[in-house]
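Given the coordinates of chain V, assemble chain X onto it according to the supplied hints.
There are 2 protein chains.
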Amino acid sequence: MLNLSHCLSVSCTCCQLLKTLTPEENGHCQRGLYFQDGQRHVDYVLTYALKKSSPGRSIRYSTHLLTENAVARSLRRSHQPSSTEKGSLSSQTSTLSNVDLHSPGEHFSGQEDQKNFRREEFEGKLRDMGLELEIDEDSKILGVGFVKIHAPWNVLCREAEFMKLKMPTKRVYEVKKSSGVIEKLNLLVSKVLEPLHPHVEERQPKNIKHLSHTFSREKQHLFDLSDKDSFFDSKTRSSIVSHTKICITSLLGSGVYTAAYPLHDLLYEEWANYSVFYKYQPIGLVRKYFGEKIGLYFAWLGLYTQMLIPASLVGVIVFLYGCATVDDNIPSMEICHQKNNITMCPLCDKVCSYWKLSSACGTARASHLFDNPATVFFSIFMALWAAMFMEHWKRRQMRLNYEWDLTGFEDEEDHPRAEYEFQVMQKSLSRDHKTQYKMEKLTCRDRLPAYMTNVVTMLSMIGVTFAIVFGVILYRISTKAALHMSSNPVTRNHVQLTVKTTAAIINLVVILILDEVYGAVARWLTVLEVPKTDKNFEERLIFKTFILKFVNAFTPIIYIAFFRGRLVGRPGNYLYVFESYRMEECTHGGCLMELCIQLSITMLGKQLIQNNLFEIGIPKLKKLIRYIQSKQGTFQEEERQKKLQRYETDQFLEPFSGLTPEYMEMNTQILHFFYTFDIFSPGIWYNIFFFYIFDIFSPGIWYNILRGVAKVAVIINAFVISFTSDFIPRMVYQYMYSPDGTMHGFVNHTLSYFNVSNFQEGKEPMDPMQLGYAVEICRYKDYREPPWSTTPYEISKEFWAVLAIRLAFVIIFQNVVMLMNDLVDWLIPDIPKDISLQIHKEKILLVDLFMKEEQGKSINLENSASEMNKCSRNNNTTAQLYMDSQIHTYQHT
Amino acid sequence: MLNLSHCLSVSCTCCQLLKTLTPEENGHCQRGLYFQDGQRHVDYVLTYALKKSSPGRSIRYSTHLLTENAVARSLRRSHQPSSTEKGSLSSQTSTLSNVDLHSPGEHFSGQEDQKNFRREEFEGKLRDMGLELEIDEDSKILGVGFVKIHAPWNVLCREAEFMKLKMPTKRVYEVKKSSGVIEKLNLLVSKVLEPLHPHVEERQPKNIKHLSHTFSREKQHLFDLSDKDSFFDSKTRSSIVSHTKICITSLLGSGVYTAAYPLHDLLYEEWANYSVFYKYQPIGLVRKYFGEKIGLYFAWLGLYTQMLIPASLVGVIVFLYGCATVDDNIPSMEICHQKNNITMCPLCDKVCSYWKLSSACGTARASHLFDNPATVFFSIFMALWAAMFMEHWKRRQMRLNYEWDLTGFEDEEDHPRAEYEFQVMQKSLSRDHKTQYKMEKLTCRDRLPAYMTNVVTMLSMIGVTFAIVFGVILYRISTKAALHMSSNPVTRNHVQLTVKTTAAIINLVVILILDEVYGAVARWLTVLEVPKTDKNFEERLIFKTFILKFVNAFTPIIYIAFFRGRLVGRPGNYLYVFESYRMEECTHGGCLMELCIQLSITMLGKQLIQNNLFEIGIPKLKKLIRYIQSKQGTFQEEERQKKLQRYETDQFLEPFSGLTPEYMEMNTQILHFFYTFDIFSPGIWYNIFFFYIFDIFSPGIWYNILRGVAKVAVIINAFVISFTSDFIPRMVYQYMYSPDGTMHGFVNHTLSYFNVSNFQEGKEPMDPMQLGYAVEICRYKDYREPPWSTTPYEISKEFWAVLAIRLAFVIIFQNVVMLMNDLVDWLIPDIPKDISLQIHKEKILLVDLFMKEEQGKSINLENSASEMNKCSRNNNTTAQLYMDSQIHTYQHT
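Quick mapping for you: the protein sequence lines, in order, are chains V and X.
Start counting the first sequence at 1; every next residue gets the next number (the numbering used here).
Start counting the second sequence at 1; every next residue gets the next number (the numbering used here).
For reference, chain V alone in the conformation it holds in the complex (with noise of 0.2 Å):
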């Protein structure tokens, strides 16, 4: 996976929080990860307002009120005198006399009151699942308290047995690499990018790795416990605390606490900076210090960088042949040459006039290039690669679930959030006049006023951007028209150019604005919603970021793809908006060429614009005015600023708000994605290239999302090469009516003919004598029938016929890629072979491990049969199974 430098940009959200706050004292730096004592790790970190004119801490023991959790309460106090609770209570008597000296005033106001008893009440209970924790009220920033929170070994242990965390147990093997060839070549590749690998310590060799099992205490001689305090990594930790408080939300929903967040570890060094951006993404690091979700994250975007490369290759070698038979083009030969004297009709009324169709040569051979028989092979191969890239995420992914020792316990984390409990505390307040029951959740009738408002905002948007599409193809037909009356000479030559310059630069500053505005809105929408968990408010928003940002992105160029040059009437009945302005015709070549220049002013625009001012400038501005903002409150902030500790630099992050901003950015990969294989497909190579460039992707919910994506853009697709493309025709021609069986005089087939005196009134052209000749019948691109027919200007056998064919494409292409998508899904393992030749491996190591425990503590048992009342953890299990199984084989016989 290359780490391009782009991939970081969109992970700015995460890298500038180490990035700009770290404190450069190492030692410092340090003391800030454990507690006074300097012993025991910072796991987690509470924070809460501190009033100034508030006592601090009252004490402890006189307000404790505690009405749940007797049994707990009873244990607690029978343990009290235990060195559990001595360190805490230490530093905290401590922090109690700093606070003393600070406010000398007693001004109990009711509200502190209370938020200072609930606060007590639940750091009692989290000393009761043997947490520590240690108060400091005394911190750097003034009305900040902070509790931090250290969980001793024995909870740590406790934890991960009921997570079922997978830990490396002591028993080590050697991963065995097949000989095959791939695999030497694999060797031979990894050896020549050897540089480009981040300089990871490794702790040990990569050919080893500790067979894992699931945690257990029971077990514990079994595990690597080596280095205790390193056993359980600082994710790991962090994990199982939040895991352990449950109710913490509700808690910061009611303003108890102000924040609640663990320590972060560094990851600075050699990976979240720019000038390492050629190297590999060390995802094994990302992983232990941002958890799964993160880790995925950038797994996604290093294969879909990794996919690219063959994608483009075959993009550039399509391009490449187009270039190449350009000149061996008929039609465009055709067209260019001298002799053909089709005359044209003119292509707008009244003061454009008769034109020679060879004026289009140079547009007819580079529409060549983006429309030949290739670009519709590299179009069924990108669908082909679609699914490819599917099968091996999905592969990529269990290989990783595999290597992280995965289970899943990040995904059960679905608390209410603290917006849905403060509503339905609300609801239930308000209720307890009338009603006697407590209410416990939102009903759909409460949420009916949301939902309303959703569904016509999203639908009112929507409409928006169709007003604006319409507005743009407005701006262009009648600045067109405006200008083809020009006196200017200069500026009437000039026509085309201009228009289509300043349409694109609206049509791009359009987006990009309403992308913006419809995240907003899109946000705004989801918290109206009250989602009840985290979970739930992801997918909420990104659904409705995606449809507005999809709606908006697409729908200009769905109108080219598919609407601009069909709706246009005929020479003699044009259709008129406004009863004034014709339509849009397409140059000859078909308007694939004018969606490809879309595609690719829109896309790069958008990448330039979007990447680097959206996602590194305004995180940037906004970290500088929250600092301002702190300084401006406080005298000595900036000399304080340098002695903060971990825990309190920490505070200056952006509030941690879920994966959201990174899987927000997401939602524009998504669209690439879209864009790449799709509709840009039967589209040219170079947008691949950009995409190469600029792009990346994304795991987890958004598989279906992408799923989905990937459906509708085969259809798109199918309709793009036989409805926006000259393929079915140029088809129908060569072998339906093509006198040779060539592709000679296909030019001439697809024009009809229009005779000059069937124009309406006031629409012929004001100088119909321009090309130096009169002219009684032009041509126009339409399958229509002849003036000299029956039925005059009516739609041509030919139109139905190409119109049938061009069906039937769609429906075989459709089918014929759904169908190779299952075979490929078919044909690749889901679980990579190494991968489950390994996992039978490990099952097999783990029978043995386990049968030679049994064995051995049986041995230990005979020959130590006086040390029953030794009975330690280590093999007091196996051997008690021991005895109590000759018991019952006593009692049996």
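It is possible that some hints are incorrect.
[As the list claims (entries may be wrong)] Here are the simulated lysine to aspartate or glutamate pairs, EDC-like style, with alpha carbons at most 20 Å apart:
#1 X:Lys164 - V:Glu161
#2 X:Lys164 - X:Glu218
#3 X:Lys356 - X:Glu842
#4 V:Lys164 - X:Glu842
#5 X:Lys125 - X:Asp113
#6 X:Lys164 - V:Asp848
#7 X:Lys852 - V:Glu161
[What the hints assert, rightly or not] If we take Cβ atoms under 10 Å as the criterion, some of the chain V residues that face chain X in the derived model are:
#8 Ser216
#9 Glu798
#10 Ala804
[As the list claims (entries may be wrong)] Ranges between beta-carbon positions, derived for each pair:
#11 X:Asp233 - V:Ala49: 53 to 61 Å
#12 V:Ala467 - X:Leu827: 26 to 34 Å
#13 V:Leu384 - X:Ser478: 46 to 54 Å
#14 V:Asp822 - X:Glu761: 48 to 56 Å
#15 V:Thr742 - X:Val816: 39 to 47 Å
#16 X:Asp227 - V:Leu827: 48 to 56 Å
#17 V:Lys166 - X:Lys843: 14 to 22 Å
#18 V:Ala467 - X:Glu539: 51 to 59 Å
#19 X:Ser430 - V:Lys166: 41 to 49 Å
#20 X:Thr325 - V:Phe543: 52 to 60 Å
#21 V:Gln306 - X:Asp825: 27 to 35 Å
#22 X:Trp788 - V:Ala467: 32 to 40 Å
Just so you know, these hints were derived from the structure itself, not from any lab.
All C-beta atoms in this analysis are idealised placements derived from N, C-alpha and C, irrespective of residue type, glycine included.
Here is chain X on its own, set in the frame of chain V:
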């Protein structure tokens, strides 16, 4: 789930094994289920051939030459006097003395010796694993030795822990029924259906559920061990045993053992019995005795039957709609109207003459029943139905997984098949002469001949099917021509009837015969391939059988739906087969009616004959033959049969070949599923009704095939509506060509004109005046230019227009249905809400249970610190942990 009789007929293979050979005496039966001591339950049985001349077992420990597993052996030796071994040893010695009486001669043959040795080695290993064996060579079946295996409690526990089996804990909780309207309705329904439920003894009230947890020996106290004998049910016991022994397959393959099977308990009374067919299926019981796979199969049958009820109801309504509107149908009115004196061109050369369209009145009216707007609606409905069905199946599966505490361990039994190991052995033997190293697996090269045979045979089988279908077509054409020329007027009047009936019967017979042949061919081909595991074998067999049977069943139907009547040519230029037979035409109403008739005959016949003859008759016959054969072999067999013990009677069952016979049957069912919702849906309701009476379906691996079938079905469905029915031409006429926007004139519009002077020479009718007047212009059904156009008899513009609309309809239909399927998939959650709530609840209960346990232990610990050395398995764990944590804390502070 209604348990209809046909469901049972399908499950014959597994029911009859209980039905036919169950010993009557219950006490006798009981005896067979236990070891000689009457205490230890027989969990698994191995049999081996006993040469009459062989000396039984030689003294075990003298021939002991185990080379592997040294630790295990030494362990076993050190335990030799222990009671674990005593039981089996004593029973063995007693057996030995018996055998010695039988066979006084000692003829050591080398091969027998080797087998004996390997058997002993293997049994030694089993003993090492803690299993208890009893060898019975003195059984009433001569020449067969039995090794009965009993898994003692500690082995069961160990393996259950290792297999991560979920077992019920002591903790019970009440399953709350939601109080919604639907729930009340359900309650009412279930009360009404009370007598239909089987009388299954329930051990606990329905709304009480045991909390399940992964079994662990250290936590034994959590589990409900009140009845240790029934804690692991017989299915679990035998799967635990079969999980223990890994290499039995290769021993079976090399003939060391002849069979390996678990003992079946009884499930005869309430279920495997025709007389209770109307009762609900006790899925839970089925699963308990036959395992998850068969349980799922019956759950599938139940769901399918259930889901067919709404489908057939809607089908009836659609049919009634067709009946009600037949008199308002303008096209058939126009055909029947005597004034519309349309003269049609002759239906065959020479012998047929012109005919009046009004004579097709009956067919036209009947066609309306099959081909009206409601059938199009029904078609879409059925597509949706299929999606709903799939979704419901997913949910049902989820529910069963939850209720049965499935862990999926059954899927993991992927040991190589005996045949495969034999092949590998042979290969390595033949290689040993040339190369040094042993081969570990069969490569693609080894399999190339088998693969080639597969491909060639499959292709030639498909070729045979096509040839036969073509043969039937030829039969129809030629017989028709011959009968038309007959001098007997009765024969000539019944031409259609005679030809259709005989052709349908021939078709049916051919399909039935080929079905059996193809089943055998598929099995032969799969055996030839030597797949590695049983799962592989099953998959490949199913795939091949499906392909062959699918082609066999659907080729004639596809022909009628899409080709018949389309390859006819036109008057004056007909298409001829073998230069003398004109291709068949459809009746005026289109081929849809003929399609439906053909389908009904094929399916009804297939169901009646296959279900009753092949599935009930043939297995009974086979059993009879086996019985007679074994009877001939021995003298006193009859008396012995009565006294046989359970493990002996099971010998007479068909060799256990996985689930394939049942799954094979599902092959037929899949085709029916296909018929039902698919090709049929534009057809008619009563076919649905047939299915309702006769049909069923399948789980597991089949789900993928089914999904494939559903996809193909949607496409074929779209094509049947748009191409086989007259739906699209009617629409096109009404909205594009009709002068007044009604259907008046539709019949005239679909008929082209033919000038009789353009007949080929010798093809014109012999009796042109049959209608009583001279015909100049006759009509035929096609969209072609009239004789007076500039391009006479060319395909007309209308043809292309209709074709384009037809194809557009296919695209729209396919994509709308796919979208709806995705919507259904998205809207209906995969996990039923009550299940997900219950899972959540169980999780909380488990946390609670563990927390209480830990607290209870610690209190316990303090109260009785003196009892430390007790350290029994019930509370050592947490007490120990508590101690450790305290030590840990002391060290830290």
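Here is how each hint holds up against the structure:
no. : hint                            : verdict
1   : X:Lys164 - V:Glu161             : 15 Å, holds
2   : X:Lys164 - X:Glu218             : 13 Å, holds
3   : X:Lys356 - X:Glu842             : 76 Å, violated
4   : V:Lys164 - X:Glu842             : 16 Å, holds
5   : X:Lys125 - X:Asp113             : 18 Å, holds
6   : X:Lys164 - V:Asp848             : 16 Å, holds
7   : X:Lys852 - V:Glu161             : 16 Å, holds
8   : Ser216                          : 8 Å, holds
9   : Glu798                          : 9 Å, holds
10  : Ala804                          : 4 Å, holds
11  : X:Asp233 - V:Ala49: 53 to 61 Å  : 59 Å, holds
12  : V:Ala467 - X:Leu827: 26 to 34 Å : 31 Å, holds
13  : V:Leu384 - X:Ser478: 46 to 54 Å : 47 Å, holds
14  : V:Asp822 - X:Glu761: 48 to 56 Å : 53 Å, holds
15  : V:Thr742 - X:Val816: 39 to 47 Å : 40 Å, holds
16  : X:Asp227 - V:Leu827: 48 to 56 Å : 50 Å, holds
17  : V:Lys166 - X:Lys843: 14 to 22 Å : 19 Å, holds
18  : V:Ala467 - X:Glu539: 51 to 59 Å : 55 Å, holds
19  : X:Ser430 - V:Lys166: 41 to 49 Å : 44 Å, holds
20  : X:Thr325 - V:Phe543: 52 to 60 Å : 43 Å, violated
21  : V:Gln306 - X:Asp825: 27 to 35 Å : 31 Å, holds
22  : X:Trp788 - V:Ala467: 32 to 40 Å : 53 Å, violated
Of the numbered hints listed earlier, those contradicted by the structure are 3, 20 and 22.
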